[in-house]
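Let's have the full structure, built from the sequences with the hints guiding it.
Read top to bottom, the protein sequences are chains V and C. Counting from 2, one number per residue, gives the positions in the first sequence under the working numbering. Counting from 2, one number per residue, gives the positions in the second sequence under the working numbering.
If you are wondering where the hints come from, they were derived from the structure by calculation, not from laboratory data. Check the hints yourself; a few may be wrong.
Because identical chains share one entry, a pair is satisfied inside a single copy or across any pair of copies.
As the list claims (entries may be wrong) - As a list, the in silico DSS-like pairs of lysine-lysine whose alpha-carbon atoms are at most 25 Å apart:
1. Lys186 to Lys149
2. Lys78 to Lys186
3. Lys79 to Lys316
4. Lys3 to Lys316
5. Lys171 to Lys20
6. Lys20 to Lys3
7. Lys316 to Lys78
8. Lys186 to Lys273
9. Lys79 to Lys3
10. Lys20 to Lys300
11. Lys20 to Lys273
12. Lys316 to Lys149
13. Lys316 to Lys171
14. Lys300 to Lys3
15. Lys149 to Lys171
16. Lys200 to Lys316
There are 2 protein chains.
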Amino acid sequence: MKIAVDAMGGDYAPEEIVKGALVGAREHDVELILVGQPQAIEAELAEAETRGIVFSLVEAPQVIGMEEHPAQAVRRKKGASIVVATRLVGEGAADAVVTMGHTGAAMIAALWVLGPIEGIRRATIGTPYLGIQEQTFILDGGANVDCKPDHLLQFALMGSLYAERMMGIKNPTVALLSNGAEEGKGGRAIIETFPLLAKSGLNFIGNMEGMDIPLGRANVVVTDGLVGNVVVKLTEGLTSRLLTVVEEELASILPSQALDSALRPTLAEIRKRYHYSRIGGMPLLGVNGVVVIGHGRSKAPAVVSAMGQAKRAVKGNLVEAIRTDLASLGAKAVAPTR
Amino acid sequence: MKIAVDAMGGDYAPEEIVKGALVGAREHDVELILVGQPQAIEAELAEAETRGIVFSLVEAPQVIGMEEHPAQAVRRKKGASIVVATRLVGEGAADAVVTMGHTGAAMIAALWVLGPIEGIRRATIGTPYLGIQEQTFILDGGANVDCKPDHLLQFALMGSLYAERMMGIKNPTVALLSNGAEEGKGGRAIIETFPLLAKSGLNFIGNMEGMDIPLGRANVVVTDGLVGNVVVKLTEGLTSRLLTVVEEELASILPSQALDSALRPTLAEIRKRYHYSRIGGMPLLGVNGVVVIGHGRSKAPAVVSAMGQAKRAVKGNLVEAIRTDLASLGAKAVAPTR
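Okay, structure coming up:
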């Protein structure tokens, strides 16, 4: 298996990306293709231990910055590392691409170079509800807003397949995130999606509320990208804030020995467990190929785990599964097209 | 000042409601009107200490249950306690009404009996972001979904006045909750609301993200009721879950003496501080009168604090302020009507 890594994408590129990619290639036992500016990559390689790693370098002269307009940048920069890396997948020269660069640009490159799976109306990125409920996957995570019922239905299908093939959950439960548990609660899109999910053949358990997420009431939480993004970021911010409050208040009353030996290491460990950096990267669901996109702030360990995600998606035939199930879903639930 | 309390509304009515209403009348030094079934109320009064409290009883033969369809119930049950209590405000016999009953029914009764303030397109209920940021107020809290730009603009105005008059914050900052900080992020409603807020004369600071809420980046967080509801309930669930994790993990390593003297009481105190029951009740914003609605699970202390909210809203002329500012807002920002 060959994984193309966008060596130039992300806040810590190329240093941390190349470092992580080499570790990832060794750890996951895959062939590595580093894509980017040769001098920059070679400078990193010169300092690295590469024995036993099968890797090659593909030149990409341009880089897309984090603040660029995604569609414009991809259109103008045909030689950008993310575009070249995605093309390798399109041509069959690589089995997957991993990037920590501009999320929007990576999505657009995937949609233009690989194309959406036939019938897919919007590609989506989800996120596991890390630390709190490792068996919960939320999508959309922020890529798509103003979602219509047929988008949400397809998210549910793709999330369900992700939970099954990537998280190893059998017959995953699927819920719609709403402002009330009963059918009929929610905005128009949710209300109209409910009956579509009910006859979709997925293991749909109905609506769920915000408090149900940390309780792990469903494996797949389906929601608009605006809400999904707020959920993920609020969880991040609140967790951090709450652990700080606990630490400060206990620090003033616990004996100092207990602080250093118990309180601080325990809270640091919990903080780490709940930190988004553990996610590494997430596959873009709904395109004709495996594209794993990580956080711009990613360092080497995130690249390693993103490569693991890519390998699992390839081995689990995630793309093919979405293609097949989408066709059979079409027969069960006819979503209104708009 | 006279406050009408719906003695029959809520999971613990009439017992906890009457008990709380009497304490509230004494604590806030207001006249109390108990509205409901006379025998039920009198049975509670018989066991209570009522010396020094000025109170009266107004009969309402019917009760609206928590599972009833709000509009149908209000239409059919003219003699329901919440309808009769709201009518007292409409007739000038009471200055405010407090209820722990069916939120939807209370809203409909307020809209039908008191009517919306002229120009208000949707009445709204907000919620303080309790415990984490006492200076943050989120609205809509779940009453209104599929909000349009003109709704969100009016929520911002009402939230700003609430923060000023009820929370004592001078020139409160207002932000739109979105999936990105920059202008242009968000769904269509948010993108279109941004320029309206920018020229509204309110202290608008732009978009904010989920992680900014627990950091207290804005005093007034404007959002659709679906998102607001998810934020509030996720915060509730995650706080509870996280404190449990901390307690369990520290319990296994701290010396047992530290557990009982420090860990457990501290976490219990934090839990209490973050608990929704502290809110008591929130005024329905945008109707011609003060209507404070609490959680159905409320017990006596929540009734006491809801009565405090009602008194502050009456004294702060909240309704009149909304009426006046709405008129001047109209001159500044012309919202598209749909």
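Practice problem: Any hints from earlier that this structure breaks? Give me their numbers in increasing order, please. | Solution: Failing hints, ascending: 3, 5, 7, 8, 12, 15, 16.
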